[in-house]
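Asker: Whenever a hint applies, use it, and build me the whole structure from the sequences.
Quick note on my numbering: the sequence shown kicks off at 260 and runs consecutively.
Note that these hints are calculated values from the structure, not bench results.
Treat the hints with caution; some may be incorrect.
[To be verified] List of simulated lysine-lysine pairs, BS3-like, C-alpha gap at most 25 Å:
no., residue 1, residue 2
1, 334, 383
2, 316, 334
3, 287, 521
4, 383, 287
5, 489, 287
6, 489, 408
7, 408, 501
8, 311, 383
9, 333, 383
10, 379, 489
11, 334, 379
12, 573, 408
13, 311, 489
14, 428, 287
15, 620, 408
16, 333, 521
17, 408, 333
18, 620, 489
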Amino acid sequence: MTRIYTFSTLLFLLISYSAKAQEGLTVKPVAAMQTWGVYTTNEAVFDPDLQKYDPVKDQVNIYIRRTRLGVLVKKDDWISLRLVGAFDNIGHNPLAGTVGGTNNGSFPVFGLWDAVFDLKISRKSDALHVLGGYYTPIVSRESVTSAFKVSSMEKSLSQTYIRQHLTGKGPGRTTGVTLGGILFNAAHTQGIKYAFGMHNPVFTTLGAEGSRPMWAGRLVWYCGQLEGQKFQMAEPVFSATKTNILTLGTSGTYQGETYLFKSSWSGGVDMHAQWQQFSLEGEWYFLGRNSADFSNVEQTGFLRAAAYLPFREKHLLEPTVMWMFFRGSMTGFEQLEAQTLGSFSGAESTVDAGVNWHLTKQKVKIYVHYNWRLADSGALGAGAANNLYFYQPGVEAIKRGNWLGIGVNVVL
Numbered sequence: 260m261t262r263i264y265t266f267s268t269l270l271f272l273l274i275s276y277s278a279k280a281q282e283g284l285t286v287k288p289v290a291a292m293q294t295w296g297v298y299t300t301n302e303a304v305f306d307p308d309l310q311k312y313d314p315v316k317d318q319v320n321i322y323i324r325r326t327r328l329g330v331l332v333k334k335d336d337w338i339s340l341r342l343v344g345a346f347d348n349i350g351h352n353p354l355a356g357t358v359g360g361t362n363n364g365s366f367p368v369f370g371l372w373d374a375v376f377d378l379k380i381s382r383k384s385d386a387l388h389v390l391g392g393y394y395t396p397i398v399s400r401e402s403v404t405s406a407f408k409v410s411s412m413e414k415s416l417s418q419t420y421i422r423q424h425l426t427g428k429g430p431g432r433t434t435g436v437t438l439g440g441i442l443f444n445a446a447h448t449q450g451i452k453y454a455f456g457m458h459n460p461v462f463t464t465l466g467a468e469g470s471r472p473m474w475a476g477r478l479v480w481y482c483g484q485l486e487g488q489k490f491q492m493a494e495p496v497f498s499a500t501k502t503n504i505l506t507l508g509t510s511g512t513y514q515g516e517t518y519l520f521k522s523s524w525s526g527g528v529d530m531h532a533q534w535q536q537f538s539l540e541g542e543w544y545f546l547g548r549n550s551a552d553f554s555n556v557e558q559t560g561f562l563r564a565a566a567y568l569p570f571r572e573k574h575l576l577e578p579t580v581m582w583m584f585f586r587g588s589m590t591g592f593e594q595l596e597a598q599t600l601g602s603f604s605g606a607e608s609t610v611d612a613g614v615n616w617h618l619t620k621q622k623v624k625i626y627v628h629y630n631w632r633l634a635d636s637g638a639l640g641a642g643a644a645n646n647l648y649f650y651q652p653g654v655e656a657i658k659r660g661n662w663l664g665i666g667v668n669v670v671l
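Answerer: This is the structure in structure tokens:
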């Protein structure tokens, strides 16, 4: 609770400071909340004594999925500082079908989400920026996109597999520094964005061999109506404005020897296409780790389609559907190797389908979605907690059920 008071006090002081006459200085509060109600069916928990899954009664869970509270400070459009805290999964039932831990103490935990500066080297150009602090490595379209801006109810779990692979943590944050920028042609109809960074993921411990940096690179090509496009960590998302734009990206990472592996790498491609009020986006990434004797490679990705339809005055309906997949090692020997390297194995798929009702553009929306989940633990069989379908913090080995969700997003 002390963290919340401290952060709130800092936020108040920064906003008060901006209220004074400070030439070229702007301070913008960041506040967002995502509240869900979820009905889960067909959930099951593994009984290690009987070596079988026991069905769980249908679950109803109302909880705060995400909250963001912070501040964005800018000075003369060439330097900015983003400080954001988070308290997520407040009231989350671990037997609900939704992923994520629980934050159900007497005083829910509030922690640092982002602390990053962005320095534009030339005030007249976006060709070179220096970013540093605590943030998500600029890898994977989904990973760098805000959960408040995706059209599916939950972000694609491909981002969680990628983040866990890169940093060992679901939130995917780590300390680092990045050089990046964006360049356009004269007509401003095509652009190239690049980002190259060095990060310091610590995984679960800092062993004698745990100090190898992780190198991350990303290259993106834009084509279409790019007015107002500037360099930023995230990529453009589906816009209610009827526009035509195509985004093609590729990114990857490499990290040398740590206590977990001899080397670790990732690489893949992603895309987003919007034509008027229709959108299609997706990604496909490979995740690899090597020891002195063997290696393990997984793949994960998603495909998401959506459309904006006029509804009442100034309101929009957004029907959307998403398919996510993960494919890891399936044979017994290979799965044991994956465990040794701290990697996932088995396979899983998710289909999310629903409709979003936008009361204001990307600020307030109400939505109803249904999630179908399928998975295969491979040769490890029943009781394996080897991927996100079969593992839940606080419960361990499970079979996730399907769920119907109703949610509200408020972004101020």
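Asker: Can the restraint linking residue 428 and residue 287 be considered satisfied, given a maximum Cα separation of 25 Å?
Answerer: Given pair residue 428, residue 287 is violated - Cα atoms ~29 Å apart, limit 25 Å.
Asker: Do the alpha carbons of residue 311 and residue 383 lie within 25 Å of each other, as the hint requires?
Answerer: violated (64 Å)
Asker: Please work out if residue 334 and residue 383 have their alpha carbons no farther apart than 25 Å.
Answerer: holds (14 Å)
Asker: Please work out if residue 620 and residue 408 have their alpha carbons no farther apart than 25 Å.
Answerer: holds (10 Å)
Asker: Is residue 311 within 25 Å of residue 489, Cα to Cα?
Answerer: violated (54 Å)
Asker: CA of residue 408 to CA of residue 333, is that 25 Å or under?
Answerer: holds (22 Å)
Asker: Is the straight-line distance between the alpha-carbon of residue 333 and that of residue 383 25 Å or less?
Answerer: Since the Cα atoms of residue 333 and residue 383 sit roughly 16 Å apart, the hinted pair holds (cutoff 25 Å).
Asker: Is it true that the CA of residue 287 sits at most 25 Å from the CA of residue 521?
Answerer: Answer violated: residue 287 to residue 521 is near 44 Å, above 25 Å.
Asker: Between residue 408 and residue 501, is the straight-line Cα distance small enough, at 25 Å or below?
Answerer: holds (17 Å)
Asker: Given the hint that residue 334 pairs with residue 379, does the C-alpha gap stay at or below 25 Å?
Answerer: holds (11 Å)
Asker: Starting from residue 379, check that the Cα of residue 489 is at most 25 Å away, please.
Answerer: Between residue 379 and residue 489 the Cα gap is close to 11 Å, so the pair holds against 25 Å.
Asker: Keeping to a limit of 25 Å between CA atoms, is the pair of residue 489 and residue 287 held or broken?
Answerer: Distance ~18 Å between residue 489 and residue 287 Cα, so the pair holds.
Checked against the numbered hints above, the structure violates hints 2, 3, 8, 13, 14, 16; every other hint is satisfied.
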